[in-house]
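With chain A held as given, fit chain B onto it using these hints.
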Amino acid sequence: MILLGQQIENHFLEEVNRKSGSNVLECYQCGKCVSTCPVSNYMDFPPREIMQMVKLGLKEETYMANSMWFCLTCAACSGRCPREIDIPRVMEAIRHLAIGENADPDNPRVKQIRKFHEIFLDMIKRYGRNYELRMMAEFNIRTRNLFKDMHLAPKALLKGKIPLGHERVGRTKAIQRMFRMAEKLEETK
Amino acid sequence: MTTLTYFPGCSAHGTSEEFDSTLKLVMKTLGVQLEELPDWNCCGATSAHVMTENLALALPLRNLVLAERLPHKTMGIACASCYSRMKATKAEMDAHPALAQKINSTIVEEGTYKGNVEVKSMLQFFYEDIGTGQIKAKVTYPLKGLKVACYYGCLLTRPQRITRFDSPEYPMSMDHIMEALGATATPFDFKTECCGASFSISNTEVVLSLSGILLEMARESGAHAIVVACPLCQSNLDMRQPDIEKKSGITYRIPVLYITQLMALAFGYPLKDLKPAKHIVPIEPALAHIGEEIESPQKTPKSKKAVEAESEVE
Numbered sequence: 001m002i003l004l005g006q007q008i009e010n011h012f013l014e015e016v017n018r019k020s021g022s023n024v025l026e027c028y029q030c031g032k033c034v035s036t037c038p039v040s041n042y043m044d045f046p047p048r049e050i051m052q053m054v055k056l057g058l059k060e061e062t063y064m065a066n067s068m069w070f071c072l073t074c075a076a077c078s079g080r081c082p083r084e085i086d087i088p089r090v091m092e093a094i095r096h097l098a099i100g101e102n103a104d105p106d107n108p109r110v111k112q113i114r115k116f117h118e119i120f121l122d123m124i125k126r127y128g129r130n131y132e133l134r135m136m137a138e139f140n141i142r143t144r145n146l147f148k149d150m151h152l153a154p155k156a157l158l159k160g161k162i163p164l165g166h167e168r169v170g171r172t173k174a175i176q177r178m179f180r181m182a183e184k185l186e187e188t189k
Numbered sequence: 190m191t192t193l194t195y196f197p198g199c200s201a202h203g204t205s206e207e208f209d210s211t212l213k214l215v216m217k218t219l220g221v222q223l224e225e226l227p228d229w230n231c232c233g234a235t236s237a238h239v240m241t242e243n244l245a246l247a248l249p250l251r252n253l254v255l256a257e258r259l260p261h262k263t264m265g266i267a268c269a270s271c272y273s274r275m276k277a278t279k280a281e282m283d284a285h286p287a288l289a290q291k292i293n294s295t296i297v298e299e300g301t302y303k304g305n306v307e308v309k310s311m312l313q314f315f316y317e318d319i320g321t322g323q324i325k326a327k328v329t330y331p332l333k334g335l336k337v338a339c340y341y342g343c344l345l346t347r348p349q350r351i352t353r354f355d356s357p358e359y360p361m362s363m364d365h366i367m368e369a370l371g372a373t374a375t376p377f378d379f380k381t382e383c384c385g386a387s388f389s390i391s392n393t394e395v396v397l398s399l400s401g402i403l404l405e406m407a408r409e410s411g412a413h414a415i416v417v418a419c420p421l422c423q424s425n426l427d428m429r430q431p432d433i434e435k436k437s438g439i440t441y442r443i444p445v446l447y448i449t450q451l452m453a454l455a456f457g458y459p460l461k462d463l464k465p466a467k468h469i470v471p472i473e474p475a476l477a478h479i480g481e482e483i484e485s486p487q488k489t490p491k492s493k494k495a496v497e498a499e500s501e502v503e
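If you read the sequences in order, they're chains A and B.
Heads up: the first sequence runs through residues 1 to 189, numbered per the working numbering.
Heads up: the second sequence runs through residues 190 to 503, numbered per the working numbering.
Rather than coming from a laboratory, the hints here were simulated on the basis of the structure.
Quick caveat, the model's predicted, so the values are computed rather than measured.
Glycine included, every Cβ here is placed at the ideal spot set by N, Cα and C.
Hints may be right or wrong, so weigh each one.
Stated by the list, open to error - Derived pair list, reagent style DSS-like, types lysine-lysine, alpha-carbon separation capped at 30 Å:
#, chain 1, residue 1, chain 2, residue 2
1, A, 19, A, 155
2, A, 19, B, 213
3, A, 148, B, 435
4, A, 155, B, 291
5, B, 461, B, 336
6, A, 159, B, 262
7, B, 213, B, 291
As the list claims (entries may be wrong) - Restraint ranges, calculated between C-beta atoms of paired labels, are given here:
#, chain 1, residue 1, chain 2, residue 2, range
8, A, 155, B, 438, 16 to 26 Å
9, B, 440, A, 60, 41 to 51 Å
10, A, 102, B, 461, 48 to 58 Å
Isolated chain B (complex conformation):
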């Protein structure tokens, strides 16, 4: 049985508790054990690297050093921001040993950084280590009929020289996982556009504008729901949605689900395990589409040009 060092991140015990709880269910089904990193600390998120140079590296480094004490070779990170900071710090430390030594001097009590633990986002772990075939094999309740827009946000695939995972412009890993669950991934052009991130508190109107465009594009793609793997994307799109609707005058009511919530549902866990009450935009109306027949391509009215072309052939 694989065991993963698990880094939940601060929001897993706060606003994204349903990400944490459904992740644990999904891993149980997939036969992966999670060992939470003992005494982990905040990675510093946006604030540390905005304001300081050394602290921005020291905070993630402490977690990397703590992870090296455990026997597992991979640390799986739930939050996209934590993942980005940890992965960037690791890249910096591995490339510049002198800098690593300097930063390590702030946490000497915890140990010396060796660089032998791999850092992966949970999306990356599902896609690379488990694989869509394995995921498909565990599905007992196919999500047929549900159309989802897969939203990756900035940090899961960018910057590519650090993440080395999927495409920075048009990633498909989450789309493939959704297809494995039986759902339909809609063509969503704003997959990796920014939601406004931490401006949620300090510059709310930026978030209302950026997240508003995302909701509009998701709706235009025909999605019933948006799927995410980042707690900040989730809270910006879900918690701020009523404000966005008020500002734009458009009613979206598009629920925003974590990838693990839909995986848990497809693996046969009951709806209540998804903690639907945590969502500001109710998830039930979107999930009611499961089981619906998907319109076959023939049903869609043909364009004038296509009809003309056919009559010419005849």
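In isolation and in its complexed conformation, chain A is listed as follows:
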């Protein structure tokens, strides 16, 4: 990056650009993404500010934000971005970099979101498919909130909305192998 005629190294920006396939420097801070984003009011830094933080190379500060964990990848922002930046992929790139560097914002809501995704992936690893009831139960156990959504249970179960039984992929071994191989790829890059 060149700032006031001086070459400044910004590895964070380069990494985010490489991973996302977008050029964050293109962002001219119009804020259309913020007004479009359905969850920007839950973020400590809305997408526009995250873009600026990446431009400035504020890596640690960006990692500590909850923004990329709240991004729902609804892609409303990228569809409206006048600079055609793929904002959800930028968010994703930051998230993956943060996970890779074990950066963990000490935020109870982020912890909940992460826990949910971990349980979901665990489910796929074990059965090859997801099983909603079991996932909800495990989420409650692992977040120590046993009675969350219990008021929904009688209705949902009686109505057969959520079935009790579940199925698995025939070749679960193939799935587990895929997980191992993908993890290895993740380490090598």
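Frame of chain A, contents of chain B only:
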């Protein structure tokens, strides 16, 4: 007879069983055969791409490779999330052969990705491959009198460079299908706003807020029911509706139906085939509007300005 490789997705055998069962009825009437993808696996949904880079591509890729073993050229996907992941992976694989090779190395036993199977959402298949004319021709019980808000959610039309289907801002395909069934699609501005998706479990209050706005806007549009083509949208709007009502103090009681449930009804299948018991918000009161006369435009009271303008002409 057309045959489609059918990818149901995990929720089709769970919370969205009525989507799966009515889809099969509708396809039977339309003369389309479905062959379920053998040994399909979860596409990874939101979680895989949130947490990992390679697994997020490997999980959908296995399904794409399995689909290439079948002789059919299109894979129809019921769940909007599965559709989005599969389509995004396909786009990524087709654009970057080196990446495709790398990801393929995690599933060598299943085969090598060639990229010759097309991926479509069921909504896209109905609209592009069947067409509203064909759909209209099969209607034996027109849904005249029923007013519906067509809710597409995020993933059926976005991001457009990947889906290449309908408009990302104000899509009309589902509206046109509803009109073909005889129903009236209401002007619903929140067609592609997010319902809160997987935050249903991990951050419930976000869903109560986002889905609450959708219910409010659907009601303001005058709809008797909301129509969806995504299992997560359905469960957020239906299962969470009592909680939303409790939080906002407003009674909505707006049922949320799958597009295939209304198609099946219009094609003459009995109400019980729609599995009404699966719905948390009962669907019967909304369906009772079928057969009602729609108020003709003359009946609506004229605005002051219009009356003034007319008297001036006279």
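These are the hints, each one checked on the structure:
no.	hint	result
1	A:19 with A:155	violated, 44 Å
2	A:19 with B:213	violated, 41 Å
3	A:148 with B:435	holds, 16 Å
4	A:155 with B:291	violated, 46 Å
5	B:461 with B:336	holds, 21 Å
6	A:159 with B:262	violated, 37 Å
7	B:213 with B:291	violated, 37 Å
8	A:155 with B:438: 16 to 26 Å	holds, 21 Å
9	B:440 with A:60: 41 to 51 Å	holds, 48 Å
10	A:102 with B:461: 48 to 58 Å	holds, 54 Å
Hint compliance for this structure: hints 1, 2, 4, 6, 7 are not met, and every other hint is.
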